[in-house]
Amino acid sequence: MKTKKKPLKIVVAGEGGQGVQAIAEILAEAAYEEGRQALYIPNFGVEQRGGVSIAFLQIGDQPIGAPKFETADIVVALNARAVLRTRQYAGRQTILVYDNLAEVKGEDLPRQAARILSIPALETAKRELHPRVFNVLILGAVIGATGVVTLDNTKKALEKRLGYKFEHDPKLRELNHRALERGVELLGQVIQGGKEQSGELRAHN
Amino acid sequence: MTGLSESTSANRPAARAGSSATIPVPGEKRVFMTGNEVVAWAAIAARADIMYGYPITPQNEVMHYWTRLAPKFGKEFLQTEDELAAGFTTIGGVLAGKKAFTATAGPGNILMQEPASMAEMMRLPVVVVIMQRGGPSTATVIYSQQEVILTTFGGNGEGFRIVYSTSGLQELYDYTIKAFNTAWRYRFPVFVLADGYQAKMREPLTIYDPLARGMELVPPEQYVGRPGMPGVDRPPGHYRNTYNTEEELYEILQGHVQEYERVAPEIMEHESLETEDADLLIIAHGVVGRAAKQAVEQLREEGLKVGCFRPVTLRPLSAGALRDAVSRAKRILVVESAYGQLGKLVRDALCGLVVEMFSLYKPGVGVTPEEVVIRSKELIA
Amino acid sequence: MRVIRIVEAYVGEYASGKSEVAINRALELVRTGKPVTLVDLDLVEPCYTLRPIKKELMAQGIKVLAWETRGTVGFGETGNILRAEIPWALKRPGHIVFDVGYGVGGARTLELVAGIDREPSFQVLAVINTRRPMTGTVADIVEYVRNLAPVHGLINNTHLGDETPADAVQEGARTVSEAGRRLGIPVVATTVVAEVADSIGPVDCEHNPVRVLRRYMPRAFW
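Line order of the protein sequences matches chains A, B and C. With the first letter of the first sequence counted as 1, position 74 gets the number 74 in this note's numbering; the numbers rise by one all the way through. Counting from 1 along the second sequence, just add 1000 to a position and that's the residue number in this note's numbering. Counting from 1 along the third sequence, just add 2000 to a position and that's the residue number in this note's numbering.
One thing to keep in mind: the hints can contain errors.
In silico DMTMM-like pairs for lysine to aspartate or glutamate, Cα to Cα no more than 25 Å straight-line [said to hold, decoys possible]: (1) B/Lys1029 with C/Glu2163; (2) A/Lys68 with B/Glu1158; (3) A/Lys68 with B/Glu1246; (4) B/Lys1072 with C/Glu2163.
In case anyone wonders, no lab produced these hints; they're calculated from the structure.
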């Protein structure tokens, strides 16, 4: 009997307003487009702006069981507080990706993680694109790191969610697509600059 | 009735010197009162500072009497727009360091669960008096024991609260005073659970000044507005009822669990009658406990081995003592003016024991000693 | 002055015993052979009124102006519908006895009765139980009665329910009588149950007449 492949476990975390939940929702939608199983839950506080925002996402081929999990395969943290809050989800096989502008203290990083990568996402968004697509860039990075869904299916999911805005202004579509691609590139650059990707993560593609 | 705007300390008249009213109850006095009045007098005797209230039958006279007594003793009162506000203003009073209380019943008790949940989350010493009436919804204005689950576990939390169930006017007086002490000593919300019969009933009782009897009255403490600059002279008071992550909440609740379980043995109370050799153990609370006691007395006169266990605290329930009494009995009979609300608490406490459990459930209807006798005889045959 | 008929209103503190005293007064008067009407003017209390015993009292020859209990149950604090015959009670022949509830209106509730201000022999009697803490001392009673004005007579109904000892009644008589002297209002009677009346005699320690009460109100709890 073939052993069932475990689903890929993703945690995205940041401040309310940074677009954390949007990333996870789009990814979940993309997985669905691809005919895969996805399960997403948010965690957030009562604040209207700012405050805790964490997304738990699992993507796999079998229907997913419980929404909460102990250890993530990849943790993406958009600011320093998010790095601290998501430490408990980083195990020895986990990849942690965080934005390089986040002022993360060394001792706050999960030392047990397999890889810790910092990418210039916000910087790039501000310089080349627009700060508002910062989270789409991050989304690109997640896809680049995991290959869990294709770029095409992600663009479809993006269209489903923001299509009505793109109709009014087709330039936005271009901008978002560019941000996705840029994210993939950024992640690739950082990885090439360091060690090879962990074998475990490849197995999920 | 005094509204808040009228009763700043600047224009509040000082209690008249030399009147019978400078000390709430000088010494002791045997009096003839109705239950609602008893609550008002007991709150005065407990040195409560303020009542927040909203009218609902059958507890209206608590408010009426408090507002008549308030000016004589320099106490305050505020009528709010509904029971939600009554509960929240009571919380406000407590945060300001006042011994604050409120009273309600029936549908008002349902609304009260929202502020009660806040008091549970923040561990605030509010005191709430409940006069149970028929349910669900408006039902009757008369009587029931149908607010047991609502009062013990009615919030959206784990029920870390204290509930006293009184069985008559003397207890109503004693436990209303005790409620303030328990609340301020242990910092959990405290409920005095009575009913429409007790509210309207007229009985003689002894009212007294707890200090004259050598009882301690736990003083209130300010949560906000303490002297000194927050953050400079002292840590700021930061009281939360909301958290951002599951883990944060879990940690806080673990703290509540530990504290509640630690103090529960000090708080729980019960009364037993003839339970050492009882074959049939009757379990009843509040006013129904009186019918049960009378029934036991009569049955014992007839030579039948029946006993009665009356929980006084429904939360925390004296589970140990109950299990003890039950383990000696062959059968238990739960009697209440509800359909198994005390029954649920009893089953939960007895989990693991093997005993036949029977019931006499009369939701919203008074239980007579005769009924209890007849039912007991059926079971003991 | 020849009294044409007796028109009395019994007022008092919540649970002072005014309904009991009013009922017994109505029964005393019905024995004189003249028609007697007993009027329920309790607009607030949902359960302790003479409504539940209306039939029993009617059987004794009293005309009772009151709803059956069934007609009022459920209103609670929302209010009370006044029976149409009540404002015109004084148009009826014979003696009229009013049982006025404790509500915030107090004696002013009587203003609902047409012609009350012109009724020649109209008297308001305040029923006092000195074992009720709000009317426990002379000073409290004086203040209380002053707020009720106008009151024409006081009734000492001091009791502790089933536990009433004779000396409590006598002590009450002294207190109420002293209050009466300060108010300039006479004490009309001391009302007491038969067993205790036996040990006190026809007058109490202040020489107020003792009237024997039969208990009806315990049957009137809803």
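So, going through the hints one by one against the coordinates:
1. B/Lys1029 with C/Glu2163: Holds, at about 14 Å.
2. A/Lys68 with B/Glu1158: holds (22 Å)
3. A/Lys68 with B/Glu1246: Holds: lysine 68 of chain A and glutamate 1246 of chain B sit about 11 Å apart, inside 25 Å.
4. B/Lys1072 with C/Glu2163: violated (29 Å)
This entry does not satisfy hint 4, going by the numbered hints stated previously; all others are met.
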